[in-house]
Amino acid sequence: MSAPSGAGGLTARETVEAAARRSYGKLVAYLAARTRDVAAAEDALSEAFAAALADWPRNGCPANPEAWLLTVARRKVIDTGRRRETTSERLEAMAQELDAAGLGRQIPDQRLALLFACAHPAIDAAVRAPLMLQVVLGLDAKRIASAFLMSPAAMSKRLVRAKEKIREAGIPFRVPERAELGGRLDTVLDAIYAAFAEGWSDGAGTDVFRRDLAEEAIFLGRVVTELLPDQAEALGLLALMLHAEARRAARRNPAGEYVPLAQQDPALWNLPMIDAAETLLLRASALRSIGRYQLEAAIQSAHVARCRTGRANWVELVALYDALLAISGSPVVAINRALAVAELHGAAAGLAAMEAVAHDPRFAGYQPYWAARAELLSRAGPPDEARHAYDVAIGLERDEPVRRFLQQRQAELGD
Amino acid sequence: MQYLLLLYAEEAGWAKMTPAEQKQGEAAYGAYAAALKEAGVLAGSNRLQPISTATTVRLADGKPQVLDGPYVETKEQLGGYFLIDAPDLDAAISWAARCPGASHGVVEVRPIWAMG
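Going down the list, the sequences are from chains A and B.
Following the numbering used here, the numbering of the first sequence begins with 127 at its first residue and continues without gaps.
Following the numbering used here, the numbering of the second sequence begins with 3 at its first residue and continues without gaps.
Keep in mind that the hints were calculated from the coordinates and are not lab data.
By construction, the Cβ of each residue, glycine as well, lies at the ideal position given by its N, Cα and C atoms.
One thing to keep in mind: the hints can contain errors.
Distance ranges between label pairs, derived from CB positions [what the hints assert, rightly or not]:
#	chain 1	residue 1	chain 2	residue 2	range
1	A	L413	B	T76	40 to 48 angstroms
2	B	P66	A	A381	50 to 58 angstroms
3	B	E12	A	A180	39 to 47 angstroms
4	A	D205	B	D90	53 to 61 angstroms
5	A	R414	B	S96	35 to 43 angstroms
6	B	M117	A	A177	48 to 56 angstroms
7	A	R310	B	T76	45 to 53 angstroms
8	B	M117	A	R310	43 to 51 angstroms
Stretch by stretch, here's where chain A covers chain B in the computed footprint (C-beta under 8 angstroms, at least three residues) [claimed, not checked]:
#	segment
9	20-31
10	38-44
11	95-109
One chain only, chain A, in its complex shape (with noise of 0.2 angstroms):
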């Protein structure tokens, strides 16, 4: 694919990627619907951006962009279907109703049923976050592969291998019936969340990949709200994503040096959207039905409100991470709570609710605990195991500037 040239062909080129942007996920989830065949439909599409890139410079931009990729990459889609011996009266009906569709007709936004299809139970739980990423936003494996620390041959494989399960098992194109929605749903954002954990990794916002792989899971979550506007975890879990992107610039000082939450700068914060974060919650909480991301949202909430006032609401913050703990069983959860419980009760008592989980295995490699016991063993502890805990927390850490302040932290003990 060569670029166009010219102010005109940079145009173009950038209605293609607009296209790309907005129709991608919308194409591959109305071509895949009807074949089951992820691959397939994604070959097709990516053919038809090609033929775009050299058209749509020469013989400018169609009214319908969407309208006219469906009509290219239909051809391909029913081409490929032919040699796979598809029964031939599934592929003329097929055929008709994407001549249809292509003739200007509204494409229906069958995005939602895809997403359900690779977040589906019978996919491998670790490959639904990259699979979404690749199949609903077109993102590539290389790329998707070093976002989640991982080999690129060996993420092109299980995305392979996923698409392959999708076709072979039959996993089904469609939003799941309301009394199984709920468990079905939480597989979804449970894969939003994780795109965007791994967006969020980059505290400088320095690598464009990352930064953009969390708007692109804010998206996507934006998506799910759209289309399920009465599903209060997907708003809580978009409320979640909003506020913790919303203090993205406040993370680092113009040094690089990383600002832990209590020492930020509120006016450096993204006001709008806290806004939009808090509305979401407020529309969440109307539909009476809590859950895992509500909570955290309202955690953030909390720690955001105290920061903009000045008064202490550690009372509140236990008792949210009570409620949360409760729904979650998580040991995560029960390091947050234990540093709220520290501000309310003292540092003792924080390392003594840390104590009760801290025998979990899963913690030998767990920074966040880490990072937690040093900072509660500084204050009240031996500075011994204050230091070993430095340590520990220091060598886990990814992020050099994270990485700087802990070494602070650990130095200001003191011989």
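Given chain A's structure and the hints, the job is docking chain B onto it.
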């Protein structure tokens, strides 16, 4: 499985650092080793002297040929390694990403060839 994490970085970078920065850098490696030990995955580790101390040896037509300097001159040099036990490549990559060497250089992850 065992994996060797090979740390490549520009040696000149180290010399350019202030003593305080060098101390912080060494402490980061110490902390990394402590984390590997805590997780029970550290099998071995060493830091190498600069390439100016390297000597290469080979037998050419049965005669030893000894040369000053490293085997290949590169922009970044092998400066040390960590040998770790990890269940699979993904786990090894996640340890490599935490290595301070990944921030100021490159970490190459190589599975160990298991013998008989």
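Cβ separation of M117 of chain B and R310 of chain A, checked against the hinted range 43 to 51 angstroms: Holds, at about 48 angstroms.
Range hint 45 to 53 angstroms: satisfied by the CB atoms of R310 of chain A and T76 of chain B? 52 angstroms, holds
Between the segment 95-109 of chain B and chain A, are there enough contacts, at least three residues with CB-CB distance under 8 angstroms, for the coverage claim to hold? holds (count 7)
Is 48 to 56 angstroms respected by the C-beta to C-beta distance linking M117 of chain B and A177 of chain A? 54 angstroms, holds
Is it true that the C-beta distance of D205 of chain A to D90 of chain B lies inside 53 to 61 angstroms, as the hint says? 39 angstroms, violated
Against the range 50 to 58 angstroms, how does the distance between the Cβ atoms of P66 of chain B and A381 of chain A compare: consistent or not? 53 angstroms, holds
Verdict for R414 of chain A, S96 of chain B (Cβ pair) under range 35 to 43 angstroms: 40 angstroms, holds
Quick one: see if chain A covers the segment 20-31 of chain B, three-plus residues with Cβ-Cβ under 8 angstroms. Check passed, 3 qualifying residues.
Given as covered by chain A, does the segment 38-44 of chain B meet the bar of three residues or more with CB within less than 8 angstroms? holds (count 4)
Determine whether the Cβ-Cβ distance between E12 of chain B and A180 of chain A falls within the hinted range of 39 to 47 angstroms. Distance hint for E12 of chain B, A180 of chain A holds at roughly 43 angstroms.
Taking the CB of L413 of chain A and the CB of T76 of chain B, does the distance hold inside 40 to 48 angstroms? Check failed, 60 angstroms falls outside 40 to 48 angstroms.
Comparing the model with each numbered hint stated earlier shows that hints 1 and 4 do not hold.
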